[in-house]
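*Asks:* Chains as they are written, first to last, in this note's numbering: chain A, 1 to 338; chain B, 1 to 338.
Each hint should be verified, as a subset may be incorrect.
Examples of chain B residues lying across from chain A (beta carbon under 8 Å, computed) [stated by the list, open to error]:
no.	residue
1	131
2	179
3	181
4	186
5	187
6	211
7	215
8	236
9	243
10	244
These are calculated hints, taken from the structure and not from any lab test.
Idealized CB from N, CA, C, for every residue including glycine.
Each chain is listed here by its residues.
2 protein chains.
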Amino acid sequence: MRVALDAMGGDHAPVEQVKGALIAAQEFGVEVLLVGPPDLLEAELAKHPRNSRVSIVPSLETIQMGEEEIVKAVRSHPEASVNVAMGLVKDGRADAAVSAGNSGAVAASAFFMLGRVPGVERPALGTLIPFNSGKLFVLDLGANADCRPSHMAQFGVMGSAFMEEVGGVVNPRVGLLNMGEEDGKGNDLTAESFDKLRETPGINFVGNVEGVEIHKNVCDVLVTDGFTGNVALKVGEGIADYILQEVRATIKSSILFLAAAVLLKPALKRSLKSLNYEEYGGANLLGINGVVLIAHGRSDAVAFKNALRVADLASGSHLMEKMRATFAEAKASSAAGR
Amino acid sequence: MRVALDAMGGDHAPVEQVKGALIAAQEFGVEVLLVGPPDLLEAELAKHPRNSRVSIVPSLETIQMGEEEIVKAVRSHPEASVNVAMGLVKDGRADAAVSAGNSGAVAASAFFMLGRVPGVERPALGTLIPFNSGKLFVLDLGANADCRPSHMAQFGVMGSAFMEEVGGVVNPRVGLLNMGEEDGKGNDLTAESFDKLRETPGINFVGNVEGVEIHKNVCDVLVTDGFTGNVALKVGEGIADYILQEVRATIKSSILFLAAAVLLKPALKRSLKSLNYEEYGGANLLGINGVVLIAHGRSDAVAFKNALRVADLASGSHLMEKMRATFAEAKASSAAGR
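In isolation and in its complexed conformation, chain A is listed as follows (with noise of 0.2 Å):
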């Protein structure tokens, strides 16, 4: 497939970009479109060996701003990197965006350029955290700091076609994150959105789940309003973090473990990383009306090959044709009185 790179958003622009986009086209072949000003991409493409899958579409202006203005600064730089990308999609020129910059602007701008699935009522992000005993798909992580029941009927719909059609699990369950597993349990909106999300034809849901399972395979898709979707994850970040800081300290505590440290330490970096839901891949801005994914603003190389490989099996899949057919399907059968 090909892959829209926005060269220019996040902290390492555009060294980190190139690389990855570099490294991504000899790994798995994806084509990358890197999307900046062709001067500065021709010089950072010129210290590395040639790839002709990696190529330069350029865009001329660069949007500097504070959080305030961030929707009104992407509609008035047209030919910003970021919009430039989302240009590429709409047109048909490249299969899926992704970028590192402000997250508020790289939603705006995929909204603004490319619009909605028609149906959906608000697109979701969303990432996919490996643990161990299986893949879980988290939305919504920001996108919507207040929500609705029936926005939260429709992030379970979205997460399912994508567990679907890109992670390909059959069936997917979809869970609630909630304060207590029994029917009912939460607030307002948690309460009303499991009669919702109940009452959704079409995806498998096992209903409440808690904080303290997310880890456990208990479901494929989980379920959350963005507020809460974003605080928790970010709270288990920084608990992850303390836990890994403590564990450091006990091992250093002992001479009887320092050598054991040593080599302890890229496996804890590795544990470390397989929590940090933001750096491996991106998330996904499902509900637009094509593959957009947003990655870090701290992103390194390894961080931009993971985003164009997911972006790459999304594009290359069935989810944006799942998505349109199950939105239209759910239109269609609410204006049959469903």
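We have chain A already, so just place chain B on it with the hints.
*Replies:* Using the frame of chain A, we list chain B on its own:
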């Protein structure tokens, strides 16, 4: 101080309660009133050396019920151990009450028997997390699934009083758990709560705190609604559990680490324990007109000992005077048109 301990609440009643009471009485001289069926408690006490500080207060009813009927069940069993324990506090025969019963039942009992501190809209459940960098008091952990901004501001006031009087922190820093650090971030509730907290006199509000920062000593009190607090800490617990599993698996995967692993195990266990927020002393039900602690249902003797210590410390402090004075003042100044 004298603490009433519901000997019949929790998974291991009354075996662990009796053990915990005896350890606490010996270690820090607290007087414990064990509340439950006298025959059963006498038999349990007889298994251990006598301690004159541990005595029995009879209660003859127990509450057995499904989740739905909690409030009704608590009201219709005035002689249940949890109600008798609260009654001892009400009558001034005990300085605090501890129960490991169903948290909804304990909260309902506390509410009916003791009422609220005048001026408090909603009691909240808070706990102290002992990170190495500093202690953090987090509330609400689930007493209120749906909150209003005024509740959140009061949580800040109550948490601040706790950290000042029991935690020994001067002018505690109050943070708001949110999606981002910038002012105005978050969902409707946190955006409005931010303003309310900023306007609240007598607290040292330091703004939004992200989950990735919670272990970094950026605040002393962390305010959140009960749904988010409950879900986020449980996700954190799940992720901590997962990380430790991974670390253990990594250690076991190499013969070189195997010897070290045997010695590391207790340290890993300690790390996990320090993260299990319900293990160390239970959660304080603040806003109730008396010192009430809810211990985890799985509490063992050590957990009960810790809960008795927190109850002892809190009831021996000026916490209740501070709470009553602060909310009386707030009422007076709001009546005066502030």
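*Asks:* It remains to establish, for every hint, whether it holds in the given structure.
*Replies:* Quick rundown of the hints versus the structure:
1. Of the supplied interface hints, the one on residue 131 (chain B) holds, with its beta-carbon coming within about 6 Å of a beta-carbon of chain A, less than 8 Å.
2. Hint on residue 179 (chain B) holds. Least Cβ distance to chain A is approximately 5 Å, under the 8 Å limit.
3. Nearest Cβ of chain A to the Cβ of residue 181 (chain B): about 10 Å, over the 8 Å cut. The hint is violated.
4. With its C-beta approaching chain A no nearer than about 6 Å, residue 186 (chain B) sits inside the 8 Å limit, and its interface hint holds.
5. Because the beta carbon of residue 187 (chain B) sits about 4 Å from the nearest beta carbon in chain A, less than 8 Å, this interface hint is met.
6. Residue-level restraint check for residue 211 (chain B) holds (minimum Cβ-Cβ distance to chain A is 3 Å; threshold 8 Å).
7. Because the closest C-beta pair between residue 215 (chain B) and chain A is about 4 Å apart, less than 8 Å, the hint holds.
8. The criterion of a C-beta within 8 Å of any C-beta in chain A is met by residue 236 (chain B), whose closest approach is roughly 4 Å, and the hint holds.
9. This hint holds: residue 243 (chain B) has a C-beta 5 Å from the nearest C-beta of chain A, less than the 8 Å allowed.
10. Because the closest C-beta pair between residue 244 (chain B) and chain A is about 7 Å apart, less than 8 Å, the hint holds.
Consistency with the previously given hints fails for number 3 only.
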